[in-house]
Amino acid sequence: MSHESTPQVLNRVAITGMGGICGLGSTLNEIWPNLISGKSGISHIEEFTDDKLFPIKFAGIVKNFTLNPDILSEKEQRKYGRFLLLALQAADEAMSNLNLMQSYEPDRIGSIIGTGMGGFDLLESNYKQFFEKGARRINPFLIPGIIPNMTPGLFSILHGFHGINYSVSSACASSGHALSAAANEIRLGTHDAIISGGTESVVTGITLGGFNQMKALGKGFDDVTKISRPFDKDRCGFVMGEGAGILVLENYEKAKKRGAPILAELVGYGSSSDAHHIAAPHPEGKGAMTAMLNAMRNADLRPEQIDYINAHGTSTPLGDKIEVQAVKKVFGDHAYKLAMTSTKSSIGHLLGAAGGIESVLCIKAMMENTIPPTINLTNPDPECDLNFVPNVGIKKELNYVLNNTFGFGGTNSTLIFKAQ
Amino acid sequence: MSLEDKVIKLVSEVTKSEAANISAGTSLIDDLNLDSLDMAEMMMKMEDEFGIEIPEDETENLKTIGDVTSFLNSKQVN
Chain V
1 MSHESTPQVL
11 NRVAITGMGG
21 ICGLGSTLNE
31 IWPNLISGKS
41 GISHIEEFTD
51 DKLFPIKFAG
61 IVKNFTLNPD
71 ILSEKEQRKY
81 GRFLLLALQA
91 ADEAMSNLNL
101 MQSYEPDRIG
111 SIIGTGMGGF
121 DLLESNYKQF
131 FEKGARRINP
141 FLIPGIIPNM
151 TPGLFSILHG
161 FHGINYSVSS
171 ACASSGHALS
181 AAANEIRLGT
191 HDAIISGGTE
201 SVVTGITLGG
211 FNQMKALGKG
221 FDDVTKISRP
231 FDKDRCGFVM
241 GEGAGILVLE
251 NYEKAKKRGA
261 PILAELVGYG
271 SSSDAHHIAA
281 PHPEGKGAMT
291 AMLNAMRNAD
301 LRPEQIDYIN
311 AHGTSTPLGD
321 KIEVQAVKKV
331 FGDHAYKLAM
341 TSTKSSIGHL
351 LGAAGGIESV
361 LCIKAMMENT
371 IPPTINLTNP
381 DPECDLNFVP
391 NVGIKKELNY
401 VLNNTFGFGG
411 TNSTLIFKAQ
Chain D
1 MSLEDKVIKL
11 VSEVTKSEAA
21 NISAGTSLID
31 DLNLDSLDMA
41 EMMMKMEDEF
51 GIEIPEDETE
61 NLKTIGDVTS
71 FLNSKQVN
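Respectively, the protein sequence lines represent chains V and D.
Quick note on numbering: the working numbering labels position 21 of the first sequence as 21, and the sequence is numbered without any gaps.
Quick note on numbering: the working numbering labels position 61 of the second sequence as 61, and the sequence is numbered without any gaps.
Bear in mind the hints are in silico, worked out from the structure with no lab data behind them.
It is possible that some hints are incorrect.
[Unchecked claim] Capping the alpha-carbon separation at 25 Å, the derived lysine to aspartate or glutamate pairs in DMTMM-like fashion look like this:
#1 V:K75 <-> D:E13
#2 V:K133 <-> D:E49
#3 D:K45 <-> V:E76
#4 D:K6 <-> V:E76
#5 D:K45 <-> V:E132
#6 V:K75 <-> D:E41
#7 V:K79 <-> D:D35
#8 V:K79 <-> D:D38
#9 D:K63 <-> V:E76
#10 V:K133 <-> D:D57
#11 V:K79 <-> D:E47
#12 V:K75 <-> D:E4
#13 V:K128 <-> V:D50
#14 D:K9 <-> D:D48
#15 V:K256 <-> V:E93
#16 V:K133 <-> D:E41
#17 D:K16 <-> V:E124
#18 V:K128 <-> D:E56
#19 V:K79 <-> V:E124
#20 D:K9 <-> D:E41
Keep in mind it's a predicted model, so treat the numbers as computed, not measured.
Looking at chain V on its own, in the form it has when it is part of the complex (with noise of 0.2 Å):
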């Protein structure tokens, strides 16, 4: 029997585990010196020639990605949306020697990932073979290889997890809410190890021109790579990127008696509502403040304990000023002594993904006491005027770190993670 009852005191949660991939590099290794030195993942889409169906043709793709065949064999990739398969890269990257199989029972592994979207790049194609020749020619793969719960649902059948194994959907605060839902597994002792995080890839033409006319993409600059420019004066929209952040959550007691690395602990949640617009934000930030005051109050720490906020900072008009003013209210004087940074100025917005590469990049910047530069903030907007770390990476010891994310749908959450 491998059931616990639930314990008096909550278990800790430990990081042991983490990957990650974007526009900047395939894994970690690879991403963060880029990322610190202020290097753009934003490129052109060679393929999108055609105006009418292609009205913004760039984003922070993954360049030469491949994934390895030993991860999964080439006739299944063809089956499974981008989103499965960058997942499992991040995955790849993230359960490296950890072991998980030999250290725990089966059930007591799991995985909860967050994606917004799902295989819409399988979808498109299927479409317009199915308006083009009809339904006889809709591929049989289709449906498992778009929706959005196949990165669990794959994580498991690889691995043999026989714990819980689900997605989360809410919109580009997926992964946070899934690395929320998680951490609540350890906390409460169902699970010892759980694979989370987020994936997501919709660079396709569908979703590139829907976002296009909510008037939500920044475009504009001959230089895409200077399109996403959080807090600037002249930020106009997001780019959207693509790609997966996955870590591996561990009761952290069992974690350390296992000897296992401990990267980061992540010590406290919070989730909130606007209640306000499917699209835009709370104009007093409401749901941005409660999210971070619960946050705290969750993991029992003080504002003035915060030492980096890895902001949701979109680049959109009114999201950052927002979310500065909300910062503000929340910190008081302590937000002009903290750094803040939008790291979506170098790799764009991953959408359901961004909680789970923001956090990986939150614990690296932890263990590399090195906060990632905001690039691109040339022209500082009046109306945002906290340390943002322009342009290039600063060295600063950092404790305990924050990272917001916010949802269509006025969703919004917010994780604090504690260096080790």
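Dock chain D against chain V, hints included.
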């Protein structure tokens, strides 16, 4: 290219198996490990490639590369 070679080429592409390892006697299910969804996809690709329709109840008779080639021959595909 013979009809059999065309079938082998297509099967090799879909299953990512070496064409050299596929012959008339190769079983789609037992040797190439295709499950029911794989088989459905394979029949769809065959229909596309050879411009025919394969009725669903015919699929279960198409166990080997040879079966497929014979079926296509019977439909005057070449």
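Hints, one by one, checked against the model:
{"no.": "1", "hint": "V:K75 <-> D:E13", "result": "9 Å, holds"}
{"no.": "2", "hint": "V:K133 <-> D:E49", "result": "14 Å, holds"}
{"no.": "3", "hint": "D:K45 <-> V:E76", "result": "16 Å, holds"}
{"no.": "4", "hint": "D:K6 <-> V:E76", "result": "22 Å, holds"}
{"no.": "5", "hint": "D:K45 <-> V:E132", "result": "15 Å, holds"}
{"no.": "6", "hint": "V:K75 <-> D:E41", "result": "12 Å, holds"}
{"no.": "7", "hint": "V:K79 <-> D:D35", "result": "13 Å, holds"}
{"no.": "8", "hint": "V:K79 <-> D:D38", "result": "10 Å, holds"}
{"no.": "9", "hint": "D:K63 <-> V:E76", "result": "21 Å, holds"}
{"no.": "10", "hint": "V:K133 <-> D:D57", "result": "21 Å, holds"}
{"no.": "11", "hint": "V:K79 <-> D:E47", "result": "19 Å, holds"}
{"no.": "12", "hint": "V:K75 <-> D:E4", "result": "22 Å, holds"}
{"no.": "13", "hint": "V:K128 <-> V:D50", "result": "16 Å, holds"}
{"no.": "14", "hint": "D:K9 <-> D:D48", "result": "14 Å, holds"}
{"no.": "15", "hint": "V:K256 <-> V:E93", "result": "20 Å, holds"}
{"no.": "16", "hint": "V:K133 <-> D:E41", "result": "15 Å, holds"}
{"no.": "17", "hint": "D:K16 <-> V:E124", "result": "24 Å, holds"}
{"no.": "18", "hint": "V:K128 <-> D:E56", "result": "23 Å, holds"}
{"no.": "19", "hint": "V:K79 <-> V:E124", "result": "14 Å, holds"}
{"no.": "20", "hint": "D:K9 <-> D:E41", "result": "15 Å, holds"}
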